Each structure stands twice: as C-alpha cells, then as structure tokens.
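> The two chains are supplied separately, each in an independent frame; assemble them into the complex guided by the hints.
If you're matching them up, the sequences are chains S and G in order. With the numbering used here, the residue at position 277 of the first sequence is 312, and numbering never jumps. With the numbering used here, the residue at position 16 of the second sequence is 75, and numbering never jumps.
The set of hints was computed from the structure by calculation and includes no laboratory data. Just so it is clear, the structure is predicted and the values come from calculations on it, not from any experiment. Among the hints, erroneous ones may be present.
As the list claims (entries may be wrong) - Short, incomplete list of chain G residues facing chain S, as computed with Cβ under 8 Å:
{"no.": "1", "residue": "T73"}
{"no.": "2", "residue": "A125"}
{"no.": "3", "residue": "E128"}
{"no.": "4", "residue": "T129"}
{"no.": "5", "residue": "R132"}
{"no.": "6", "residue": "K133"}
{"no.": "7", "residue": "A136"}
{"no.": "8", "residue": "I243"}
{"no.": "9", "residue": "N245"}
{"no.": "10", "residue": "M246"}
{"no.": "11", "residue": "K247"}
{"no.": "12", "residue": "I249"}
{"no.": "13", "residue": "M250"}
{"no.": "14", "residue": "K253"}
Yeah, the Cβ is synthetic: ideal placement off N, Cα and C, and Gly gets one too.
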Amino acid sequence: MDVINEKVNTITSKAKEDRFQGHDYYQIDELLQDEHLLAREAVREWVKSEVSPIIEQYAEKSKCPTHLFKGLAEIGAFGPSLPVEYGGGGMDEMAYGIIMQELERGDSGIRSMASVQGSLVMYPIYKYGSEEQRRKYLPKLGSGEFIGCFGLTEPDHGSNPSGMTTNLKDDGDAYILNGAKMWITNSPVADVAVVWAKDEEGKVRGVIVERGMKGFSTPEIHGKWSLRASVTGELVFEDVRVPKYNVLPNIASLRGPLSCLSKARYGISWGAIGAAMDCYDSALRYSKERIQFDRPIGQFQLTQKKLAEMITEITKAQLLAWRLGTLANKGKATPAQISMAKRNNVEMALKVAREARQIHGGMGITSEYPIMRHMMNLESVVTYEGTHDVHLLITGMDITGLNAFA
Amino acid sequence: MKILVCISQVPDTTAKISFKEGNTVFNTDGVQFIMNPYDEWYALVRALEIKESQGGSVTVINVGPAENETVIRKALAIGADDAIRVNAVSSSALFIAKQIAEVAKAAQYDIVFTGKETINFNRSEVGAMIAEYLDQPYISYATHLDLQGKTATIVREIEGGSETLEVDTPFVISAAKGLAEQRIPNMKGIMTAKKKTLKVVEPIAFDDISFPVRYELPPSKAGVKLLDADNMEELVRLLHEEAKAI
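So here's chain G without its partners, still in its complex pose (with noise of 0.2 Å):
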C-alpha cells in the first residue's frame, strides 16, 4: 500500500487565542504549535499499523512554511518514511486541498488520510476536497478500517451510533478517534527522522475564492453564583429570569 497522510500544524490545546490586524489574522505570539491530533494520533498511525502489516510506504504532507518543519519531523520520528512541504502559508481549505491533490495525483496513491478535523479551525473540508480533486471515494469520520486487498471495511461515526461500509481503493479518508491509539516517538525514531527525505516543493498558482472576514472569542464564562441551599424562591427566579433553563 502507497498511503498518503495528511498533517497539519495548530495551536496547542492550552494555548491563549487572539486575533490582530482587525481580527482578521490568528495571533501566533507566543503560541506553541501540535501536530494536529487527530492526524497524528489516529490517521498516521492507523496508515503505519498498515505498512507494517502489509508493507509500502507511508508519506507525510504538509502545506505551511519552514517552521512547520519541527512537526514534520515528529511525523517521521513516529514512522513515516518521507515528507513533503508545501511551501505556502495558508488557512484555506480549498488552497490546501489543491496543493495536496496536485502531488497526490502525481504520485498515485492507495490511501489518502487526513484527520476527522483540525482543532483549530474546525472545518473538516480538507479531505472531502482532495476527494473531489482527485476524483475518488471519501470516507469522513472512521472509527475502524480494515483491509482485505484492495477493499477495505469501513467503520465511521454517525449521529447515535455508527455505518460500516465498504470501498476498493483508491479512495480518500479520514481519521476519528479509536481508528488508532497514539503512538510517542522514540529517541531512536527521532534520531532516524533526520536521515529521511522532507521534500520542499512549491505551490502551484492557485487563486482562492473565500477569505476570511473576521474572528470572534465566544463571550467570557459568566461567574458562578451562589445562593443559600433553603433560598428556593430565589434560585427558581434565577434559573427563569437569567438562564432561562425552567
């Protein structure tokens, strides 16, 4: 199997978020960067599980700049055999989902993973793009996968409880939790991550058709109050006037 995972750069889970230049663009200040966990933690494992069981090769790629470089190579500390960047800074969908259909389609291969979603920008579009780019199957949400040959039996989650279904390759996927646990690099691991390939390749002219207007903080948590426990009155008013919950 050729497997192609996808990975993406964000924000770790306890980092401050601000926005700047009008609340437009995210504010990195300060900010330390994940793999993005469902990437790391069940579509590229999932995608190593099915090198090691039925041989071929897993690629990582990434569309962001230099930097992103640190994480990268986490990916092949974990066990990915090569990586490639997408030279280009970008948060649009749309513009990833191409860069990385150009070289998928290049490449030709079997399995394409991405994670469920990002957990920064929360769009799960990423991999139903590439799908359509490249013309294939799309899996959203796998829980479970196995392969037998060519087909794979699929597992995804939906609302209330779960679809299997089932689908020859080559086709497009991606990852939820329980397709596989996580895996923590090694020092061997990555002492061998810096003698494998990361390929820097440049993105291919693309003109994007949605920008982003502006960002918004949910509104602070309203305080806690406290009430005495035999002032009902005053608690059921509360719960009407202010929370409207009864």
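The shape of chain S in the complex, shown without the other chains (with noise of 0.2 Å):
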C-alpha cells in the first residue's frame, strides 16, 4: 500500500509541477534588451520555486503567504523603476513591466502585493514626498521591512474618488484624519499607509499614516472569493493625529493618486498578459495529452479554434504592453493610452481562462490547474484600479473631448 501511496504522489506531483513556457508569436523578445529577458526569467524561476508550489493550497485557504514580502523583496519585485539610492533597482519601465507579468503568471494576488508596495506607496512617496520622507521610508520599503498600502477608495466613493469624505482637519503640529478607506490591498499586514484626504479647504492631500497612531485601525476584509492569496482590509480613522511632516509636501490634488493609478494599472496591462499565457500555455499542453475518441482534444477543430483566438490575443496584447512600454520610458505614456491597455488586457486574459477552462473540461475547476484560480483573480483584476467600464469613458472622453462621467 505504501509503495502504491508513493506512486501516486509522485504522481500527483509530477502533474503539480510548474511546467509554463513563455509564449512569443510575434518574436517580441527581439525588441526586448538583455536586461528585460533576465528580468523575465529571474522573476519566473522565483515563481517557479517559491509561489507555484504553494499558491494553490493559500488561495484555497484564503490565506496570505506574508513570507513572500521578503522574497519579492530581495529578487527586487518592490519599485524595480525607482532610483537605486531609493530603495529601487534603476531599471525601465518596460522592466517593471515583464516583472510585473511574470508574478501575475503565478498569481495575481501577489502581483498585487508588488504593485501595490512599488507604484502606489513607494512611487507617491518618491514623487511627492519630502527628501527626509524619501530616505525614511523608500529603503525600508524596497527591502521590504516595511509593508506598504495605499488608501484611495471609500466605501461610498469608488469609481468617484473626487467624492472622498475622509478628511483632515488642522490642529497645530499635526492634522486630524478621520474617515474610511475600503478594498485595501495588504492594509491588514501594513506597517505604512498613503492615505488621500481632503483638507479644509476641500483639497486633496497625501499623508503617510504609520501603524501604531491612535485611532488608526486596519480590519481585514473576508468572503473575497478572488484574490483569495492576497489580503485586503479597510483603514479606519478615529482621530488620528498626523503630524504636519508625514503630509507629502508635493502635490495637493487628485492628480496625485491618480498618477499613482497609473503607473500601477500600466503593470496591470502586462500582469494580465502573465496570467493568460498560464492558462494559455496549461491549456495547450493539457490539449495535447487528454485523449478522447483515441485523439488528443487538440486535433479536434474547436479545441483549436479556441487555441488559435487565445495565442492571437495574447500576441496582440503583447504588442499593446511592448508598445505602451516603449513610450513609458520616454516618459510619453497617456493616461488614456494606459486605460485602453489596462481595459484591453484584462479583459483578454478572462476570456482566455474561460475558454482555457472549457479545454480542461472537468479537470478545469480543480485546483490541480491554475485556470479557475486566475479566473476568479481577475475578477478583481478587472474591476479595480478603474473599473472596465470607467476605464472605457476614459477612452471616450480622450477621443471625444467630451466627459461622460457628470
């Protein structure tokens, strides 16, 4: 009995293993520097080693692998485009971004974590903190020593953050925040948050509030039936009394967060891409094994049909990310031009995990394949940092010169 309990876990081990192969159609890796394809292929091996085998059994816990902050960390996942005397690691923007695809290729959740600690706590406060901000908080955040989270949307005011109640009230030395902030990645294991709050004159300003303060609590968020990897919380502001010098000096105004959305949705353009070409390259393979009427599905035309539509898509999102990456590092990124990346991407990589889905057949619904994991990932993926159709009126409003949101 031991040697057949042997067999089948070797056996069922064999089928865990993480057995991805990038896919490029187009041969866009030539377009790519040498430093993009080490990136790549660093961050995978990571993957392959520390999410892979565990992520399955976290997600269907509901539980966070908090011990990958330190890892995610030290591979150099947390503000890879900040300046290396920040904390950073000086790269491109296009490097952040084949980072970024690589983590959502294991799971989305923790492509969440790094974005989050990188474009939406390190990137405000390298962008419109003081220098005593900066050198106080970048290097214990890219190192990892402290987790970062980022307070924008309200329980009442989601696609319309201009709506925010949470406020800040002058109190001599400091401001008093009070409020509520909700769908908070990482705010329950937060060392620091950036919250947006307006102050008395209505305008909207970054403070950067510490675990710790008085008044400042961090409730977890459970039921997410996505992102299940990754934990998510409210911050709750009792009074908190925010000394003067935590407010980030630089920016009064919605643009701030609003820029920090920016950069984090552009690494959601490629994270997508990561997580399709996981169920792309699951349901290849799985095609080419599963036998049915003495053929292997792959041979029958609507397993290749689907086949075909996901790699075209994929290729074509490829060339989306490549391209909005280009300009990115030239600084020329629109936030419109983002949008449409962001919208585009997502939404491929859902439709790609269904139809990957339908490929696996039964076996498509097990956690034995990533498919229905990412699928219930980018549930979310594709609602937050812009919902698909706000991101759609961005693209409206850029094109016609007309807002459609009031």
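Structure (structure tokens):
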C-alpha cells in the first residue's frame, strides 16, 4: 500500500509541477534588451520555486503567504523602476512591466502585493514626498522591512474618488484624520499607509499614516472569492493625529493618487498577459495530452479554434504592452493610453481563462490546474484600479473631448 | 582566490530536440537557451561563496558566439566580477578546452570550475582536458569543497558512495549537485551586470581531431497497454514475450 501511495504522490506532484513556458508568437523578445530577458527569467524562476508550489493551498485557505514579501523584496520586485539610492532597482518601465507579467503568471494576488508596494506606496513617496520622507521610508519599503498600502477608495466612493469624505483638520503641528477606506490590498499587514484625504479647503492631500498611531485600525475583509492569496482590508481613522511632517508636500490635488494609479494600471496591463499566458500554456499542453475518441483533443477543430484565438489575443496584448512600455520609457504614455491597455488586456485574460477552462473539461474547475484561480482573480483585476467601464469612458472622453462621467 | 568558472549555453530542458543537415547538426530553430545548470547552480555559486568568504575574484568564461552574451550577463548578474567570451562556434570539447586553457594559462587562476557535464552533449570532458593542458590536478563530480589556505578538502561522488580527498591550488574541479544552492539573480544584480566588463577574445588556431558523424533521437516511447485485472495469463505472456521483463 505504501508503495502505491508513494507512486500516487509522485504522479500527483508531477502533475502539479509548474511546466510553464513563455509564449512569444511574434518574436517580441527581439525588441527587448538583455536586462529585460534576464529580469523575466529571474522572476519566472523565483515564481516557479517559491509561488507555484504553495499558491493553490494558500488560495484555497484564503490565506496570504506573507513570507513572500521578503522574497519579493530580495529579487527586487518592489519599485524596480525607482532609483537605486531610494531602494529601487534603477530599471526602466519595460522591465517593471515584465516583472509584473511574471508575478501575475504565478498569481494576480502576488502581483498585487508588489504593485501596491511599488506603484502605490513607494512611487508617491518618491514623487511627492520630501527628501526626509524619501530617506525615511523608501529603503525600508524596497527591502520589505516595511509593508505599505494605499488608501483612496472609500465605502461610498469607488469610481468617483473626488467625492471622498475622509478629511484632515488642522490642529497646530498635526492634522486630525477622520474617515474610512475600503478594498485596501495589504492593509491588515501594512506598517505604513499612503492615505488620500481632503483638507479644510477641499484639496486632496496625501498623508503617511503609520501603524500604531492612535485611532488607526485595519480590519480585514473576509469572504472574497478572488485574490484569495492576497490580504485585503479597510483603513479606519478615528481622530488620528498625523504630524504635519507626514504630509506629502509636493501635491495637493486628485492628480496625485491618479498618477499612482496610472503606474499601477500600466503594470496591470502587463500582469494580465502573465495570467493569460499561464492559462493558455496549460490548455495547450492539456489539449495534446488529453485523449478522447482515440486522439488528442487538440486535434479537434473546436479546440484548435479556442487555442488559435487565445494566442492571437495574447499576441495582440503583448504588442500593446510592448508599445506602451516603449512610450512609458520615454515618459510619453498618457493615462488614456494606459486605460486602453489595462482594459483590453484584462478582458483578454478573462476570456482566455474561460476558454482555457473549457479545454480542461472537468479538470479545469479543480486546483490541479491554475485556471479557476486565475479566472476568479481576474474578476478583481477587471474591477480594481478603474473598472472595465470607467476605462472605456476614459477612452471615450479622450477621443471626443466630452466627459461622460458627470 | 582568483577563480575562473567555465559556463556553457545549453538548450532549455523543455526544448524540442531535432537535427538538420543529415542529422549532423543540432537544429536551434525555436529553441530557448539557458546556462548549463551544473555551471550555474553549483560551480558559479560555490565560486562566489569562496570569494565572499576569502576575498578574490570570479571570472566567467564562455566559448561561443555573440548570442551567448545573455547567458554570460546572467552569470554577471548572479555575482561574477567580469567575463570573457572566446568568439568561436564549436561543440568540440577539445577545441573548447584548448581555448579556455589558453586564457587560463595567461591569467594564472587558483581554481578553475566547470559543471560536471553539460546537459546537451553530456560528455564531462572539458574539465579534464583543461586540467591536462594546464598540467594541474583534476577533481570531478565534486559535491563538497572546503578551503583552508591553499589546501582544499573535496568530497566527490563515486558509484554507491563518496570519496574525500585533499588537493592544493591550483586545480580544476567539476561541480555536481550538492556543491552549492542555486541563486536567482535580483534586479540590482541584473542592472550592475550591465556595467561589468565582458571581454571578447578571438580563438587561437586549432585543428580539431574528432567530428560528429550523425545524431539520433532515442526511439519514441511505446504506448501503454491496459489489461483486465483478472487477465493474468495475457499479462505474463506480454511481460515475457514483448517486454522481455520475465
């Protein structure tokens, strides 16, 4: 019996082995630099050794693998495009996108951990913070000693952040912060939060709130059927006294948080390709191994249609991301261009996940394969950082010059 | 310690293997290449550990075309100080060993590392040939290496057990699993690698003495036959006549 169990275990662990290979149908690799290819390979190796073996278990239990924060820091996934002297990696935006792609190939939740830390916490402190704030927080965030989170969305203000009610009242050398933020990735484990709130003049200010400040709490949100391996919570502020030196001095408008979201959305437009490639890769392999009617199901036209459409859509998304990365490297990527790529690529990934699920048949709904996990994750990704519909309206406003939001 | 690590570029383990030109040349179309794992995970990392504990330098060397530079940069990203590429295309162990030995002779390394074999041609020859050209001791299949001053204590794999031996530098050593643990380069390492020196040298003239005649793929695996559990007679017949296992 032991022998049989051992055999079964070997077979099962073999099936769970991460056999992912990248897909580059249009030889886009030729457009990348050595450092991009090396970064991709390094993160892919890290994901295969650290994420793939544990991710299904954590997702099933809805538990965050917090030990991975340290590993993400060590490989340099936090703020890779920020300067080295501030704890970043000194890389370009293309490299940042590629790193996000590889992380999300593992799991959207793991990518979210890194996106938030880099684009939503380190970036605003770097961009809008004082030199003192940069020196105090960025190296610790880059090394993973501090975990950060970003507070913009509120229970009653999601797509309409300008309606926020979280507020700051002047109290001499400090501000008194009141209000609540919702759907905050990393909040229950965060050491610092970059929080956006209105001052008494109605201007949106960014403040750095530290764990331990009186009146500040971070309750966890339970019952998510998506991003289950990433921890999400609220930020609650009850008369929190935030010293004035914790206010980001160089921004006083909604442009601040929106510029951070542009960075993160850019990363998501790459990340979604990772999730899509993982689903496609698994479906392609399964279609060659699964025999029905005495032949691999990949030989049937309807399976080929699905696979051919998947790789076509992935290739289009890759070209979009590559071009956006080229523009971002020159500082020319507009928020509207980023919206288009985020919207297109996330929807593409969702469709690929659903088609891949069908190719896997019944096995596609189990945790033996990554498909359902990616599909459920992507339901968050299509909604957070600007919903699918809002991004469409951003494109609409950009091309017509007419605002359909209000 | 002044250390040289020989690195080779090999097809990814998942690559589809085929040959062309009458089965005499490996077909590289659509093949992704990686650093030979024995060179990367064990030889290079152990060399770096020695440098980190005792000081010195780690140089990596590759005999190959310019396309191999991505793999060389990876070695630099993992932590090698500088790199040399001998600009030649060859799969001949003797040719490669000769070129590396020429570089090593001039630079006088304390230790030259190779992997125990490359995962494409599996010859395990280059290390021994370099040692011969340098007139130095060669220790193959090393799973453990300790250094006290100039004296190294090395454990090597042998059939069914291990052998421990001592040797003074300079020597050539081939690395097996266990000698070190894989290091994944981080983003800072990748960016630093861009600034490190990668020297390209031309090969010395050398007439090879062996040439591949042809390559053959192993026969494809036969399908699985399923029998009813109670059909013992047929099972015994198949095991005896077809599988020749009993």
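> May I ask which of the numbered hints given earlier this structure violates, with the numbers listed in increasing order?
2
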